[in-house]
Amino acid sequence: EEANKQKTEAEAQESMLELLQQEKGGGFGFDLCARNAFLEQRLGMRFPNVRKTGTTIVGLTTKDCVVLAADTRATEGPLVADKNCEKIHYIAPNIHCCGAGTSADTENTTGLISSKLALHRLSTGRQSRIATALRMTRQHLFHYQGYVSAALILGGVDLHGPQLHMIYPHGSASQLPFATMGSGSLAATGVLETYWKEGLELEDGVRIAHDAVCAGILNDMGSGGFVDVTIIHKDGTTERRRNMDHPTQRTFKNPAGYTFPAGTTPVLLKEVFPAKKDATVEAAAPAAKEGEAEDMQQ
Amino acid sequence: MAEEHGREGEHMTGTSIIAVAFDGGVVLGADSRTTTGSLIANRVTNKIQPVADNIFCCRSGSSADTETIADYVTYILKIHCSETGDAPTVHTASTLFRQLCYQNKQLLANIICAGWDEIDGGSVYTVPLGGTLVKAPYAIGGSGSTYIFGYCDAHYKPGMTREETLDFVTKALTFMMARDGSSGGLIRTVVVDKDGVHRSMIPGDKLFRVWVG
Chain P
1 EEANKQKTEA
11 EAQESMLELL
21 QQEKGGGFGF
31 DLCARNAFLE
41 QRLGMRFPNV
51 RKTGTTIVGL
61 TTKDCVVLAA
71 DTRATEGPLV
81 ADKNCEKIHY
91 IAPNIHCCGA
101 GTSADTENTT
111 GLISSKLALH
121 RLSTGRQSRI
131 ATALRMTRQH
141 LFHYQGYVSA
151 ALILGGVDLH
161 GPQLHMIYPH
171 GSASQLPFAT
181 MGSGSLAATG
191 VLETYWKEGL
201 ELEDGVRIAH
211 DAVCAGILND
221 MGSGGFVDVT
231 IIHKDGTTER
241 RRNMDHPTQR
251 TFKNPAGYTF
261 PAGTTPVLLK
271 EVFPAKKDAT
281 VEAAAPAAKE
291 GEAEDMQQ
Chain G
1001 MAEEHGREGE
1011 HMTGTSIIAV
1021 AFDGGVVLGA
1031 DSRTTTGSLI
1041 ANRVTNKIQP
1051 VADNIFCCRS
1061 GSSADTETIA
1071 DYVTYILKIH
1081 CSETGDAPTV
1091 HTASTLFRQL
1101 CYQNKQLLAN
1111 IICAGWDEID
1121 GGSVYTVPLG
1131 GTLVKAPYAI
1141 GGSGSTYIFG
1151 YCDAHYKPGM
1161 TREETLDFVT
1171 KALTFMMARD
1181 GSSGGLIRTV
1191 VVDKDGVHRS
1201 MIPGDKLFRV
1211 WVG
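Line by line, the protein sequences are chains P and G.
Position 202, counted from 1, in the first sequence is what my numbering calls 202; the numbers after and before it change by one each time, with no gaps.
Residues are numbered in my numbering as their position in the second sequence, beginning at 1, plus a constant of 1000.
Where hints are given, some of them may not hold.
Simulated crosslink set (SDA-like; lysine to any residue; CA at most 20 Å straight-line) [claimed, not checked]:
hint	chain 1	residue 1	chain 2	residue 2
1	P	197	G	1186
2	P	197	G	1044
3	G	1194	G	1159
4	G	1078	P	135
5	G	1105	P	145
6	G	1105	P	143
7	P	197	G	1157
8	G	1157	G	1178
These are computed hints drawn from the structure, not numbers from a lab.
Please put together the full structure from these sequences, using the hints given.
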């Protein structure tokens, strides 16, 4: 039995060595998946859920601007990981992008496109175009065949006017006058289909986008928190209204805070341990002067 | 089709697409519904995409795959034409579609390529799954096409005029959209002839009424 145990230990070690020595080809490397499965099986470790943005994201075009709106809840399975995350990402001074799906994927994809566009702007010397951002994002997502789980609403204003695009994780895109994605999109679609019309004024557009996100926050469990709105004006400048509204505030909250009188929680047992007598506190050695090396003392 | 492993929840053009050649040009038509599972992701999609000034393609299958293929064909065709110095031909464009679809069998794409050029006039080519290339006087594709093979066999006749062809395309699409759940919205048509391109749209509620019992 001892020999068997040693043998399985040796086998386990060998398989770990094999995993470490596997050659890395191009593309995704799945060696860590094998290591995770090994740890889960042998040591019973449970891994945390991927953090997703449950999400309601909304975009709409007004007469000459683009309004993007989103909720701010990020979930890890049934748990709210972040009550106030930012889902409207910067792409260029005149282009922003709402992201739904896996947080890491949306943040890293938008970050990558944003830095590629910044270099592109230095090279061309011109304002970035939404078509450029769209093409780069679509090609990136198609390359990963849908495994980069990022559903994006890209909006901005360039020389061709205001534009709004929905980009799906597999790399397809649609240009639309109003759009919504995420788990709360079904609720938000109702609001948009009812109230959106062509040639809206800016504040009407902001109100409709806000109402659509509120519909998602109130009716979808994956969406919650605040309503964020970003407006890209016709001159290409951006106005961010972060935390514009909070539709689900805690109603019963004591404005004076919570104070509990001594004795509210009964004390059952009290033990006091003095700190060890042989621990002494010394003053720190003076800092070495510039140019003098500290002597190493063995 | 979207339920295949790895393609759950993928954006699909459920679709009804059709292209018919007439003497002097072609008429392309498509519905406007794109689905993700059972949700309609876009109810006003444009599935007829230009790959050159005089050549269009109707896309059906996976949105991502067909959009990427059409972008590649547009790009390759442009370079090819600037190298040869000639205007693009429908045959060349269709061959490029076929090469991409045949060499990459994992792509879910059913594409109809049609247009007008000086050499062949109006021509229609279809590139179904697998990547074969078939030249035909007319072609239908997408999930809605299965419902109208009989209708097309009965009502298509060669030598139709432009108006008759447009009428045939509109009726065929109406029947496809009436029976297929993955097709709907509005009808988009594109007429390509030697004088150029004429795009048109018929909203869903303005289609002629099909018998519904």
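**Request:** Any hints from earlier that this structure breaks? Give me their numbers in increasing order, please.
**Result:** 7 and 8
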